[in-house]
Amino acid sequence: MQEFLEFFSFADANIRYVTLGSVLLASSSAVVGCFTLLRKRALVGDAVAHAVLPGVCLAFILSGTKNPFILLIGAFVTGWLSLVTIDFITSRSRIKEDTAIGLVLSVFFGIGILLLTSIQHSGNAAQSGLDKFLFGKAASLIGEDLITFSVVAVLLLLVVILFYKELTLLCFDEAYARTIGYPVRALELLLTTLTVFAVVVGIQAVGVVLMAAMLITPAAAARFWTENLKVMLLLAALIGAFSGIAGAYVSYTAPAMPTGPWIVLIVSMIAIFSFALAPGRGWVARLLRQRRNRTQILEENLLKLLYQLGELKQDFYTSRSLSELLERRSIPKGEAISGLQKLKRQGYVKRDHQSWTLTTEGKKRGRRVVRLHRLWELYLTQYLHLAADHVHEDAETIEHIITPELEKRLLEELNYPDLDPHSARIP
Amino acid sequence: MILQVDNPVVEVHDLTVSYDRKPVLWGIDLTLPAGALVGVIGPNGAGKSTLIKAMMSLLPISSGYVRIFDQPLKQVYNRISYVPQRESVDWDFPASVFDVVLMGRYGNMGLFKRPRKADKDAAMEALEKVGMQSFANRQISQLSGGQQQRVFLARALAQNADIYFMDEPFAGVDIATETAIIQLLRQMRDQGKTVIVVHHDLQSASEYFDWVVLLNMRLVASGPTDKVLTQELLEQTYGGKLTLLSKVGDLLRRQEFPARETKVK
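Chains as they are written, first to last, in the working numbering: chain R, 10 to 436; chain P, 126 to 390.
Keep in mind that a hint or two might mislead.
Claimed, not checked - Cross-link-like lysine-lysine pairs, in silico, DSS-like; alpha carbons within 25 Å at most:
#	chain 1	residue 1	chain 2	residue 2
1	R	K342	R	K322
2	R	K342	R	K353
3	R	K342	R	K359
4	P	K372	P	K147
5	R	K174	P	K238
6	P	K242	R	K174
7	P	K199	R	K174
8	P	K352	P	K318
9	R	K372	R	K322
10	R	K239	P	K242
11	P	K147	R	K239
12	R	K174	P	K147
13	P	K318	P	K199
14	R	K105	P	K147
15	P	K238	R	K239
What the hints assert, rightly or not - Over 10 Å on every C-beta distance to chain R, these chain P residues come out as not near it, computed from the model:
#	residue
16	D215
17	D224
18	P240
Honestly, the hints are just simulated from the structure, not real lab data. Virtual Cβ for every residue (Gly too), placed ideally from N, Cα, C.
Put together the whole structure using the sequences plus the hints.
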């Protein structure tokens, strides 16, 4: 707890910088990731992330320093090379893109690990800390590193804002972009370059192995909450920023912990949470919708039963016992009772002792369901030429979803009919 | 019956297009008159979409050239407009109807520029023309097929071009949309615009178009509708596949042969 307060008071300048740096890195890669995701090239980000490692190692071997700028150039070169290789393989051979990505990813990463191991065994004292690139360490973001990477991160954000319109069109409809004269190849190149840069700055915090998660997961999570691209970009940036802070905190309080897996776990939790709870698209929302549908069907079926009994007996306002209802239609008893009780609370039925009576409103609603059922049966026989004994099942479902607008259209098209195909009166 | 016109708006010369080295269009020579409503008609796999995609430089061509308003495509981007097949994009994209129609103005705006108020007005006007103004703020993922097609059409209208290339605008749309679209296309033609439409339904073709291009891997006919839609020409277009032609095409692909000895730059 004390550590928590110490960290979040941001009294220590070091903590301030590390936090600021992580936030910038994580949010810039999240924003770029949105476009990568929408362009359906999520896997490519993963390949780039892994392909960055040999570049970092080579740059170190050649220069002998850990100057962030030089390492960044190395990372950029191999990251870029991996993308060119993927494109080359897909366009020049029969190998499909997913296979090409798999090939490139593993070959580049393999070379990277090879180089890293040989550096580590070379006895070069300056090498300590290169392995950070594998799983990331936000707390080591200080001094020169921090400035370099933050500048790149800010630049990334600025470029995305500047090219917002062009990148959006590229992701939505590339062919159209071409026909209005957009330099589509150049824009593709730009997006590729942005992706590579996002990876290169992000690996400081997360490491190459898990970088793809930083690129894609915030974007995927943000997509659940909104249908507006600008909002999506903002949300992804916020989710990225949050995980960045979390990563910095973990890195600060538990220096032995690899930061990357922690950040990725946190981002993934947010994504799972979004997947479950987001309104509309989320899993819970869909579940609730289905539940609502089921209760609506149950209630309307009960009202329909009461109405049909009334029709049969020429008397709508006598009470009917539960067994009378269930004779006509098999509904599990418990469900039927709870449905009736709900209808009672809503004022559609009245209860005396063990039997149930329609109220005026209940009768109206029941009549509407019966009417829609018979109208739909008539529609199917007249317009789809279905046999009269085949239409009942279909109408059982459709009667619950027809809107008043459609009902009016239906009435007009059927010319305000009196009888359904079974010669029952349409109320 | 291939009628070539003077001062064509579109000139296609010796155009061959291949997919994976297999030619799907062989040596097309085609000219189209200004201010016509043109239907490109042929059976499945005849290369109708390929033809207009090649005209728009969306596909690499193996031979020949395309000129629009007597200029290469690059010079006339601001005068042409393309309506892709609506299945060609993912409609589950985070954008509203208005956002998509506004894309029609991107060409005029130039790079880096934000949409101005006038651009928004133009987009709204285009939406009104297709009868979708009340859908402006609707998410595109919620649209029906016909509505998607209208949105694409509105986007093209917002471009205010002189020549329109439309890939199957009537595919999978409801009758109301089809009628609305054809009325709109006629209005555009009456304003002197040229509209080229890939169309799959032979029934409505004679009623819709005043110029028809019959296509089946090669150009069968091109001319005024009443002269082209004849029994004989239709039989040539739809009857019997050119098995030999397609066998040679397969051979080119298998042997990885180029369609022409010299490459088009």
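Going down the list of hints, with the structure as the test:
For the hint linking R:K342 to R:K322, the alpha-carbon distance of about 23 Å falls within 25 Å, and the restraint holds. For the proposed pair R:K342 and R:K353, the alpha carbon gap of about 16 Å is at most 25 Å, so the pair holds. Distance restraint check for R:K342 and R:K359: the Cα-Cα separation of roughly 18 Å lies within the 25 Å cut-off, and the hinted pair is therefore satisfied. Between P:K372 and P:K147 the CA atoms are separated by roughly 10 Å; this keeps the pair inside 25 Å, and the hint holds.
Proximity of R:K174 to P:K238 is assessed by CA-CA distance (about 8 Å); at most 25 Å being required, the pair is judged to hold. Restraint check for P:K242 and R:K174: satisfied, since their Cα atoms lie roughly 16 Å apart, inside the 25 Å limit. Between P:K199 and R:K174, the direct Cα distance comes to roughly 21 Å. Compliance with the 25 Å bound is thereby established for this hinted pair. Between the alpha carbons of P:K352 and P:K318 the distance comes to roughly 22 Å, so the proposed pair stays at or under 25 Å and holds.
Taking the CA atoms of R:K372 and R:K322, the gap is about 14 Å. The hint holds against a cut of 25 Å. Restraint check for R:K239 and P:K242: the C-alpha separation of about 19 Å stays at or below 25 Å, so the hint holds. Taking the CA atoms of P:K147 and R:K239, the gap is near 43 Å; set against the 25 Å cutoff, the hint is violated. Under the criterion of a C-alpha separation no larger than 25 Å, the hint pairing R:K174 with P:K147 is inconsistent with the structure, at around 37 Å.
Taken as a hint, the P:K318 and P:K199 pair is honoured in the structure, with Cα atoms around 19 Å apart against an allowance of 25 Å. Restraint check for R:K105 and P:K147: the C-alpha separation of about 19 Å stays at or below 25 Å, so the hint holds. With a C-alpha separation of about 16 Å, the suggested pairing of P:K238 with R:K239 holds against the 25 Å cut-off. Residue-level check failed: P:D215 sits 8 Å from the nearest beta carbon of chain R, not beyond 10 Å.
Distance check on P:D224: its Cβ comes as close as 8 Å (rounded) to a Cβ of chain R, failing to clear the 10 Å threshold; non-interface status is violated. Annotated as non-interface, P:P240 brings its C-beta within 10 Å of a C-beta of chain R; the closest such distance is 8 Å.
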